[in-house]
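Student: The primary structure of each chain is shown beneath.
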Amino acid sequence: MHTPLPDTPPADAGAPRVVRRAVAHDSAARHVTGAAAYVDDLREPSGTLHVAPGGSPVARGRIRSLDLDAVRTAPGVVAVLTAADIPGHNNIGAIVADEPVFTEKAVAFHGQPLFAVVAESYAAARKAAKLAKIEIEPEKPLITVDDALAAESRVLDDYDFIVGDVGSDIAASPNRLQGTLKIGGQEHFYLEGQAALAIPLEGGDLHIHSSTQHPSEVQHIVAHMLGVPQTAVTVEVRRMGGAFGGKESQATQWAAIAALAAHVTQRPCKLRLDRDSDMAMTGKRHDFRADYAVGFDNDGHILGYDVQLAARCGHSVDLSPGVIDRAMFHADNAYFLPAAAIRSKRMKTNTVSNTAFRGFGGPQGMLAVERVIDAIAWKLGLDPLDVRKRNFYGPDRDLTPYGMRVTDNVLPQLIGELEESSDYRRRRAEIAGFNKKNRFLKRGIALTPVKFGISFTIPTMNQAGALVHVYRDGSIHLNHGGTEMGQGLFVKVAQVVAEVFGVSLERVKITPTNTGKVPNTSPTAASAGSDMNGMAARAAAETIRGRLVAHAQEQYKVAPEQISFRDDRVIVGNRTFAFEEVVEAAYRARVQLSATGFYATPTIDFDRPKKWGRPFYYFAYGAACSEVMIDTKTGEMRILRADLLHDVGRSLNPAVDLGQIEGGFVQGVGWLTSEELVFDQHGRLTTHAPSTYKIPTAFDVPEDFRVSFFDNENREETIWRSKAVGEPPLMLAISVFAAIADAIHAVAPGRQVPLDAPATPEAILRAVNAIKESA
Amino acid sequence: MRKEIRFYRRGRRIAKSDFAPDATLLDYLRLEERATGTKEGCAEGDCGACTVVLRRLREGRVTYEPVNSCIMLLGQADGAEIITVEDLADGELHPVQQAMVEHHGSQCGFCTPGFVMALFALYHSEARNMDRPRVVKAISGNLCRCTGYRPIVQAGLDACSGKPNDRFTQNEKETAKLLSVFEEHDNIFVGEQDRFFAAPGSVDALAKLYAEHPDAILVSGATDVGLWITKELHELPKVIWLGRVAGLDRIEDSGRELRIGATARVEDAAPALASIDPDLGELIRRFAGWQVRNAATIGGNIANGSPIGDTPPALIALGAQLELQQGDKVRSIPLEDFFLDYKKQDRAPGEFVRAVSVPKLRDGEHFRCFKLSKRYEQDISAVMGAIKLRLDGRQIADARIAFGGMAATPKRAKATEARLKGLSVVDENAAAAALAALSEDFTPLTDMRASAEYRMEAARALVAKAIMEIADTPGVATRVFGARSDAHAAA
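Chains as they are written, first to last, in the numbering used here: chain A, 3 to 777; chain B, 15 to 505.
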C-alpha cells in the first residue's frame, strides 16, 4: 500500500503544473541504458595517467623511512608523489587544518596516505603502490571510544547543554535508571567509489571532475594546496553514484591527489579508489557510546535526563564538530526534558576520520533517548508507545535543551494516525499470545517517532546560489550549487524553474554543478539541497520572468496581472504567444535573459558559546511501526512488517520523496542490524569489502512494507511548502531496533534488554543470554 | 587446437588472441570496448554492478546467464554472446528498462545497469507467474544503496511476468545457429608455453595438459580465483579454464545417489540437490547471488578448499565421495578426507576434481542444514551446520554432522556424533548434554563474522534444532523464515 503518486497535471487552472508531480528522475532513462556517465566513465583525454595512493601499514607510529625506489622503477610508473611535491599547503582539513594530503612524519591510522603512484594504467599504479618499503616505529594505537576515553584523547573540547538541575531532579525522582548503549558506525557504501579526474589547462589552470558533494571545498583546498588563486581551479560534478555524506569532505583528498598529479606531470590524471581502499581510507558514521541516567515518575514521565555521548571521531577533526553537535540537538528526539544534561565527548582515535553520514549524528543521539524510553517502559511494565506519547513535546512543554521552541509539532496527530493504520494495539496483543506459545521464537513490535531539525547548524552554510539562462529558442539552462547524488535534487529544482516559466520540464536543461558558474557554494548536505537551491533557482527564474513581464507590459500596454505563463505559452491580456516568441521579442529589445539567484535561510540564529537559540528553520517529522521475529537460539531476525508515515510537507516530487523515505529506512535498518564495522586490535578495518560488510539486500526488506505521506504543509515559507527529506527517514529504522529489543524483552519481561547496535545475530543472542542470566 | 577465443558481440563475431590469461571481462568491456555502462562496484562479485548477460547454447537451448563480469575472465566468454546494458534498448527502452523508469527504480543509477541485466535475465528465464520471491532471488546478487529495493522488485514483477517478447527472443533461432558453431569441443590454447589461457575440450585433453603444466591454475567459475586478480593483484600466467571440458558438468541421478560433475554450475545443480532435501535447496538459494551461482561450480566450491564454502559441510554430512583424476589415474575418497588443513587439500600436482557423488536419503534418515550469517543472502557463513540422523524408532541409530566456519576446514563433529548415538530424539536434556562434545570437536576462531563463543553456542543450537525438528515435536516453531514444513515455521 503506497500513497498514490500523481503524475498528471491537475485540472485546476490555478494549481501548479509541474511541481508536486511524481515525475521520473531526470537521468532515469540514462541510468537504465548505461548512458549516465560517472567520473570513471568519462572518455579520458589522450595521455591520461592513473593514480593510486599508498597507505600506512600500521595505525600509529613515527615514520622511520619511506623507500619508494621500487615503486618508481616499476613498469608503467611515471611519477611518485609525496608531501615534498606539494607546493602549497599540505592539508585537506576543512574546519581545522589538521589532516594532511600525505602524512610526513607520523601516521595516525591504518591506511593513511603516505604517497601516490602515477602510472600509465590503473593496474600498473595499484601494483606499483604495493612495492613501497615503509618502516614505521609503531606505537600502541587507540582504537575504540573506550580506549580514547581511558587515554582522555580528544579531537575537540567537550560541549554540553545543561537545563535545570538535572542531578538533583534525577535523585529526587521516584524511579531511576542508568545504562549504557553502544552504537556502531556505518560505512556509506556508495556504489560508485571515490573518483576524480584532473585535467591541466593553460596557465597552470586545472579542470577537475570530482565525485563530490562539495565542489567548492575541493576547489578551495586544491587551490590552497597548489598555492594558486581559487580562480585557477574549476570543479565540475555531473552526478555521483551515491554519496550519503561520504563525499561531503572525504572526496577532497582524492581530487587533491589527482590535481597534484596533474600539476606535477602536466597530463590528465585520474584517481579512482578500489573498493577496499575506499573503505579503509575514508571515514564513516561515528560510532558512539551513550551513558545515561534518567529519573521518571510512575507514569513514565521523564523528570531528568543526563546523557554522555562519546563519539569516535578518528584521527582528525573533519566534520566532527557539526556531527556531534547534531547528535546533541537530537538527544531529545521528540521528547520534552524538564531537566537535562546533554554532554558530548569528541574522542580522538587512531582510526580513519569519521565524517558526515545521512543524519549527521542525529540518529545516534536519537537512538539513545529511544532506548531510554524503552527502559522506562520495561521498568514500569508499560507499553513503550504510551511512554513515548506521554513525553512528547506539547503546549507549555515545547522548549528544547538548546533554547529552540518546538512550534510545528505534528507528532501527536501523526502518531495517532499511524497507531491506527498499523493496527498497533491489536498486533501488540496478538504478539503477546505468540510469545507465550513459542519457546524459541519471539516477536516484537515498536512504534517510534522522528523529529529532525532542518538547516546547517553553522548559520553561514545556509546559503545557496543559482544561475539561469534563457536562450532565444526558449530553452532554459539551469545551474545551481547543489549536486546530484541520486536524491533527485536536479529534477526537483528543474520542476521549480519550469513552474516559474510555465513551461514543460523538457525545456529545462539540467547542467553539471560547476564552481565557475555558481561560486562559494555550501555542500549538498543537511537535507537542505532542494530547500536552498530550489529557492535560489526560483529567484533567478523569477528575475528573468519579471523582465519578460515588464517587456510585454510595455509592448502590449497591459497590466502585469494580465500576463501569465502556462503550458509553454504566455498569455498577455487577450493574446497568447508561444514562450519562445516572448523570449525572442525580449532579446530583440535588448532584455537580459540571464540571471543569478540567491537564498539565505531566514530566522536561524544559534549562539554556540551561549548554547542557546534557533539552529533550525523547522523540523521534519515521521514515525514508523515495525514488527520483527527473532530466533532466541541463533539470534537470527526477520522484519515481518513495517509501516512508515512521514511528513514531507507538500512534496515537490512524491516519487522522489517516496524513494528517499523507503531508501532511508532500509539504509537505517542496515545500520542497526547487519552492518558491522570491525577493527582488529592493530586498528585494521577487517570489514573492508561487501564480502565482509553487509548492507541490506532485497530479501531484508519486509514484504509487508506500507509507506505513506502525512498530509501536511510546511508552516515556513519553504519552496512550495515542501520539507526536506534526505536524512529524516533513516531514523524511522529505529523502530526496527526497538522492535528487536521488544522481542528480546519477551524472553524475560520486566528486565532491561542490553542490546547494542548493530543487532547482528550475535548481538541479539548475547542480549538474550544476558537477560536470561539477569534472573 | 584453436589459438583464439571467440564470442559474439552486438551481432559481430569477435576472435581474440591478444589478451592476458588473467584479463577480466569487465576490463575488456570498459577499457578496450569503452562500453562504460557496465560498472565496477566492488571487484569481487558481491554487488552486481558489473552484471552482464551471457547468451549461450546449452543442450540445444539458448540460455541467458547473468554473471559478474568483474571476476570473470575474458576467456570464459568463449562460445557466448555478451550482452551489456547498452544493448537492450532498440530505439525504445526494453520492457525491464521501461519498468525501472516507471517505478522509479533508480536513484543514483550506479547499480542500475546491474539490476537491469539481472532482471533482463529473469525476463528471459523459464519462470513465469512471477512472484516476489522469484524477483528477490533474481536480484540477490545486486546491491542498491539508494532505493530500498521496493521499486526494483516492483519493476521486476511488472516486466517479467509475461512471455518474453523482445528482439532477443525474436532472433533466438538465428542466435542458436550462430552459437552452434561454438559447440564443437576443440581445445583452446592461446599464448605460449609459459603464459597461456587454455580451455581443453575433453577430460583426456585436460588430464594431459594439466600433467604437463601442474603449476597452472585451474579455473572453473573464477568466482574465487577472480579475486586473486582483482584484490591480491596476482598475475596468473597459466590458466586452464574447465568450462569447455565435455561431460565434466554432467549431473547423473541413479536413484540411490547423485553424481555431480566437477564443473556443474551451482545453478544447474540446484534442482537435483533440492530433491535430496528442501534444506539443501534453501542452502543453494542462499549460496552467493544469482550471478555467482551462474558461474560457480560444485567442484570449484570443493576444490578451492575454503573453510567457509557452503556445499562441503552439507555434502560431507550426506556421506559424499569425491572423485579425483591425475593423468589416467582415478581415485575416490570420502569428501571429508580431501580437506587436510587450512588451504591444504589431498590433491597431487596435476590432479583435478572430477565429480562428487552424493548418496540420497534412505528410509529412516533425516537431514537438516542451516546457515548462519549477518545477512541472509549473498553472505559467507559464520557457521554452517549440516546434520544427518538415522533413526531407529525414536532412537538415534547413527549421526553424521559437519560444520563450516568452525575449523580451518569443513569438518565432521565426530565426538558429538558418537555421543548422540543411542539417544532418543525426544530427550532434550540428553541431547543437550551430548552437544557439550562439540567443544571437543571444534576450537573455532573469532573473526569479523562472529566470535568463537557465538560460533560454538550457535553450532550447539543448530544441532539441537535439527534434533527437535526431526523429533517433530508438535507446535514447536523453530524457524524465523524458510519454512521447511509448516510445523517448524512460526505462523
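No wet-lab data here; the hints were simulated from the structure.
Misleading hints may appear alongside valid ones.
Taking beta-carbon pairs under 7 Å as the criterion, some of the chain B residues facing chain A (in silico) [what the hints assert, rightly or not]:
| id | residue |
| --- | --- |
| 1 | Glu100 |
| 2 | Cys122 |
| 3 | Pro127 |
| 4 | Lys222 |
| 5 | Ser320 |
| 6 | Ile322 |
| 7 | Ala464 |
| 8 | Ala475 |
| 9 | Thr487 |
C-beta atoms are modelled at their ideal positions from N, C-alpha and C, and glycine is treated no differently.
Student: Which hint numbers does the structure go against, in order from smallest to largest?
Tutor: 4, 5, 6, 9
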